[in-house]
Amino acid sequence: MTTPDVESPPPSDEEQPTQPTTVDSGAAAVIAALEQAGVTTVFGVQGGAIMPVYDALYDSPIRHVTMAHEQGAAHAADAYGIVTGEPGICLATSGPGATNLITGIADANMDSDPMVALTGQVPTGMVGNDAFQETDTIGITSPITKSNYFADDETTVGDVVGEAFELARSGRPGPTVVDLPKDITNAETDRHPRQPRLPDTYRPASRADSEVVSAAAHALERAEKPVILSGGGVIKGEASDELRAFAIDHEIPVVTTMPGTGSFPEDHELAMEMAGMHGTGYANMAITHCDYLLAIGTRFDDRLTGGIETFAPAAELAHIDIDPAEISKNITADYPLLGDAATVLEQLDNELSGIPHADEWREQCQRWKAEYPMDYQWDPDGPLKPQYVVEQFDELTPSDTIVTTGVGQHQMWAVQYWTYTQPRTWVSSHGLGTMGYGLPAAIGAKIAAPDREVVCFDGDGSFLMTAQGLAVAVREQLDITIAVLNNAAVGMVRQWQDAFFEGRHSASQYPWIPAFDKLAESFGAQGFAVERHDEVESTIEAAISTDGPTVIDFHIDPDENVYPMVPSGGDNGKFALSEDQL
Amino acid sequence: MSQGLQGPPPEDRPDPGAKRTPSGARIDPDNQPEPPRRRVILSALVKHEPGVLAKVAGLFSRRQFNIESLTVGPTAYERHARITLVIEETEPGIDQAQKQLEKLIPVISVTELDGDAVDRELALIKVDGDHPDAISAVADMYDGQAVDVSAETVTVEITGPEPRIDAAIETFERFGIREVVRTGTAALAAGPQETAPGHVAGLTDPTDT
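Quick note, the sequences are listed as chains A and B, same order. Mind the numbering: the first sequence is residues 1 to 582 in our numbering, read in order. Mind the numbering: the second sequence is residues 1001 to 1209 in our numbering, read in order.
Chain B on its own, in the form it takes in the complex (with noise of 0.2 Å):
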């Protein structure tokens, strides 16, 4: 007996005339380039306890994010912790990031900084010390300083923005650089504005009654 469901074909129905992009929104996909990827902060504030950096961590590696940098690190206030992350996405993505950390429970609140957030990274370099003067003068020019010498090497200290870092590894590669370690970004909002806002409405001590 044969097999299936009456009706018409597929080649004999309508066609709604109409596409979504893949990204799901309904416009022409034809007249519709993917949207660009863009570089962003986000700033969250969480509970300072064990796990939540593994669980961020997670997240982010399960749902593909494009992650650049992650740094985290303890607040003024002993039980919250601050994570910064620098992402590389799609504006969709960067929402879906923003969203999906949100719902992590041990999650305060996160915010996408503004271009004008202060923002540092460190890194430590270790080039050869054959040409101590130099090293010296470049380091100068990054606002940076030796912290380490030894007959063999010297290790300097660049603070700034990512770029800077990025340009500075770039003019000490010519004394042969050895090691480099970075911290990834930190950051805060300009001005009086908040950075991640913390003053979550019944934000209590969990070992209260």
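Chain A on its own, in the form it takes in the complex (with noise of 0.2 Å):
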């Protein structure tokens, strides 16, 4: 371990403006329609197009961090918006650096993330001729985000970028995309924007058919094996303490997907924790084996399915969602329930007199807890095993902490291994599977709440991606810790190549990635290596204690798997728990 000198970067010469944006441009009309949303703070990446806005923004008390790189904009917007429930914003400029956004605004529209992000565009004149640095970014974005905006009038500019906000936030939230040409933002005007308001074509349903609502409620009662299956919806939705004590007062087992981790305290008896392809096997027989199924919130990704034959084959589903296009897409709701989930949880609270006569079920779910325990097997002086390492952190950090993760097997064992009391404390990449996702959401997470301790765990693959973003972490002075959990492969690949490709690792081996302390202490943060057991405690709480960013480079046992395992389109009931059962 070694402990480098770090300088705090220079003080700025510049001090932040504390004045509103006086409009007098398109760009500054941008400027002010982000304060008048109550905007703080953007991430983005400077550049030709886009430069009008930046320097809009040089007079604006609004916060800018400067990234390394406008993916890792993306995320830390979409980290940033995980953590505040605000859209988080992103600013890029034309042709490269919009499309370096995409895999951000992809991202955030799978984990229907609230996201801005502004691009700069050529002028509106040269639109069309393959101009320098010039790309559709309307056409691109299109299929990946809510809706999006070409900025084609100064003096509505503005309206334009708070429509897009308040459409991010919204119902289902989403990323939206305002592109704006330079002759648009350059071009003089003294009109303010009005106040943010959604597009007249969007009206988002809040109560849903009461008459749904009581049969819903009269069918949970007579139910005998019943199951919540709280999602990402639960949490955007602001209903995490409703499902509480929904499922609290009616003694209903809750199982989450990935994105609604946290809805509900994986400490409470009646959790039952995550469901679905790397789920806990009880999670995954209260599922398989429910008579009522109530989903809160979610699409019903192939992740968490399995094979659709075998999802909640017995169950009669009652779906409560905002968005009408993800009730009876992939799973038939007996009980559509359109509307808000906080409002339809009360609603169907009020209908229902008493808890579901379930008793039996209730200690079948106490036993499978105890028949399929997460008890990892490991030897205090065998190779490291990261479910250990994941733990120790979780041991040694307040209960508010918040955990990002790239996308692999660390993924897994941050989710598995930590328990997750308290909603926004998870920020990952669901959906789109992002590898490299970590350190950039890192990042917004820590200048979201930066009071609260900031854990990222991260793969070797998933760092080596966008390791850039520690040079933003150095120069911020950002309190996160970054455990790159390395077992020098992408080890999920790996995990696969194993069970379903005759062990044939191809291109799946890291024997070649750097050492990750000196990585770190090159760009001026910290650096650490583990490899014993005995060393974890120590190294977590010597990096936690560290002001400013540090990375430990914890190299674990490369044989080490993610179990339980549902195979992709696999019977959910029939996960394996190792790869002979696969």
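Heads up, some of the hints might be wrong.
For the chain A half of the interface with chain B, some residues (derived, Cβ under 8 Å), not all of them [as the list claims (entries may be wrong)]: (1) T201; (2) E560; (3) P564.
Example chain A residues on the side facing chain B (calculated, C-beta under 7 Å, incomplete) [stated by the list, open to error]: (4) S142; (5) G281; (6) H289; (7) E309; (8) A314; (9) S578.
Hint data in this document are derived by calculation from the structure and do not stem from the laboratory. Every residue gets a Cβ at the ideal spot worked out from N, C-alpha and C, and that includes glycine.
These two chains come separately, so use the hints to put the complex back together.
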């Protein structure tokens, strides 16, 4: 372990302005619209076509965090949105700036995270001529946004930004894009943008149909094996308190989806934790054998359902969702409950006279918890187990610690072996499965919640994809800890190769990766390397007590795999506990 | 060291004794054939602004909805346009297509038209002009007319519901068809019924302050 001298960054030569922006241009209208929407922080990278907007930002109280890569700006904004519940904002220039945002926008779209991306564009007179750094940002982002806008009028560009912001945060949240041609942002206008408002064609439902609510409630009263499936929509809809009260009052076991992690406290007796491909055995048993499933704010992703034919096959499904297109998209709902999660839970609660007579089922769920414990095997003197690292971190940090991750095995261990008890503490890339999400997300999360501990679990493969973000973490002196669970491989691919490709390790071994502790030091962060179980606790304590970013390179057992596992399209109830069961 | 977790293996676990269909319905899949495909006309009222057609076309392509025709044109109100789609899908597919269309922000409303809706398509059929009288007679039979005549060719215009256009083209094949162009189906709801409601509460001029 080495401890380099890290110099504090030089103080900024400019005081942060405190006065709101005076509109004198399209660009100033853009910034004024953000200020008016309550935005205090944006993430971005400078460039030619977005320069007028950055020039207007120079006089604004809004804090700009310069990122090392636009993908990082999008992920940081996404995580900021997850932690705060309000849209995260990212800025990039036209062409490569905009295309570098694409992964982050697609990620936010899959996970319904509130985000606004502002992209520079070549002047309107040059659009379509293949001008320098021109790309069809609207065309490229149409399938991966809630909506997008080409701003072609300087007098309304601020209104458009306000609408994009309001749309991103309302109903089922999601990313929006405003493409800003340089002549529009440069043009003179003194018109202050109006208050942000939703497009007149967008009216998300609030209360579900009372007859369906009544029918769903009566079916729940009759249920003998009820389960609640709590999805990411519970957290986004600020319904975690209502869910907790509902489940506890009516004594219904709660299974979560991965984005729903933290919506119900995992240390509660009724918590069955995450279901699906790498969900707990008990969650998958509960969901497979239930006779009534109350699903809230979930889109029944294939990583959750496995094969449709075997997903909760005997269950009547009551599905609460604010997006009508998600109801009966993948799983047919017997009780479609279109509305806001908290509101509909209250409606259901008002219709229920008692708790379902399901004592035998509740006991069965507890028996499954005992039968399928998440007890991994380890030897204190043997190779370092990643599950142990995650558990130690959980032990040594406060309960409101925010966890971010990349994608792969480390992500699954981070969700399985940390006990999440609060919403908005789990920040990950679910639907898109974006390797490299973890570090920029940790930057966004720390800036959103500067008083909270932020731990990024990453894999060696994931970390290598966005490691340049360390420069940002050092410059901003962000007190974050990056725990690289390093198995010198893209481990999830290697695991699948062992299970399904006869152990042929095509392009999955990474013995050529750098020493991450030294890499961290070269950026000016503190680096640690750990190989033994007995170094874990003291190193975590040292990293946490360090001000500023730290990286711990955990050299974990390269043969460790993630279980339980339901193969793609498989039967959740037949989850494998080891490779020979696949 | 052995890898993995403890617990009863898959073969020792109980079976739930039920299944869903591939489309997610909770019924006995062995007795439940996949729902048949149905041809329907969807009418969408949309904001008349650049990019709407691209968004609609992109949506249908990305979600693999089976689209037969798509037409777009202005309405009596200059800020609105109407898109008429003919799709052939299963019942859940039709439902999804309609809901996904409604989710697009520039889309004001979407309606699945009833069987009694008025639907028309226009076709121009260019055939060899060797038998002008016979061509004219066939055109009359389909209430069509010759709209262009040259020394070698006759172009006939036919308007009608899609099956009538299909039949006409088949009939004209005897003359030797050189080219055909079809507009796709346009349709309106029958009687006083509104095709796709457009009087959205608060639907205002976007430049209003």
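Status of each hint after checking the structure:
1. T201: holds, 5 Å
2. E560: Holds: closest Cβ of chain B sits about 7 Å from A:E560, inside 8 Å.
3. P564: holds, 6 Å
4. S142: Since the shortest Cβ distance to chain B is 5 Å, the answer is holds.
5. G281: holds, 6 Å
6. H289: Since the shortest Cβ distance to chain B is 5 Å, the answer is holds.
7. E309: holds, 5 Å
8. A314: OK, holds: A:A314 within 7 Å of chain B, min 4 Å.
9. S578: Where the cut-off is 7 Å and the nearest Cβ of chain B is about 3 Å from A:S578, the hint holds.
In terms of the numbered hints stated before, the structure departs from none.
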